[in-house]
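Peer 1: Each chain, letter by letter, is given below.
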Amino acid sequence: EDQVTQSPEALRLQEGESSSLNCSYTVSGLRGLFWYRQDPGKGPEFLFTLYSAGEEKEKERLKATLTKKESFLHITAPKPEDSATYLCAVQAIGRLGGGYNKLIFGAGTRLAVHP
Amino acid sequence: GAVVSQHPSRVICKSGTSVKIECRSLDFQATTMFWYRQFPKQSLMLMATSNEGSKATYEQGVEKDKFLINHASLTLSTLTVTSAHPEDSSFYICSAQHRTGYSYEQYFGPGTRLTVT
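Chains as they are written, first to last, in this note's numbering: chain S, -16 to 98; chain R, 1409 to 1525.
Check before you lean on any hint, since a few could be wrong.
Stated by the list, open to error - Listed next, the in silico BS3-like pairs over lysine-lysine satisfying Cα-Cα at most 30 Å (straight line): (1) R:K1472 <-> R:K1428; (2) R:K1428 <-> S:K85; (3) R:K1449 <-> S:K62; (4) S:K40 <-> R:K1449; (5) R:K1422 <-> S:K25; (6) S:K62 <-> S:K52; (7) S:K85 <-> R:K1463; (8) R:K1472 <-> S:K25; (9) R:K1428 <-> S:K25; (10) S:K25 <-> S:K62; (11) R:K1422 <-> R:K1474; (12) R:K1428 <-> R:K1463; (13) R:K1449 <-> R:K1472; (14) S:K52 <-> R:K1449; (15) S:K52 <-> S:K42; (16) R:K1474 <-> S:K85; (17) S:K25 <-> R:K1474; (18) R:K1428 <-> R:K1474; (19) S:K25 <-> R:K1463; (20) S:K25 <-> S:K85; (21) S:K42 <-> R:K1449.
These are computed hints drawn from the structure, not numbers from a lab.
Please model the entire structure based on the sequences and the hints provided.
Peer 2: Put into structure tokens, the structure is as follows:
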């Protein structure tokens, strides 16, 4: 069964204290791994898509990496405005090799950055 | 680019009435849209996959007759909660699939907070 596990469940950082969020996954065939940011009472905001092991993408203080079993979201020198829930999701290739578009979400990591 | 809107953002209705939520992709065409439900401090739960011009595919345990989905055009999908009850109160979020080459990225709307009294 396809599954996504995120850790830690919650993380509290001081401003400027770098850290990493983990997303472990098991999927029959990976089409893509997605990272989203969600603020309270809002829809998820797209951050990154990663497609193959070894791929890395960066955006401001965020950097996402991918291996065959997990992805990391590295946050460098975070600021209070980076406080949010970060969601990881995988999209699996269908059994017949065709498109299969569902996203399977992890439970998320709630990040709080304090000044 | 890749902006998705939802309307209304908040709605309060009385038990037994129906409520319609609209999801629009503003700057791209989406043959596939998705409807999610989210409970407080929990992750997103997929309710159904909506394909333009065909019937929606519902996830196990989601009542088709209660949550009616229509995807009449490439930029609009609607979710109607019929005969709403207090237990239907939740945060409903839609997403639209944006296909570019091999990529199938999903962009989410801002969500609709439904309260049934």
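Peer 1: Could you work out which of the previously given hints the structure breaks and list their numbers from low to high?
Peer 2: none
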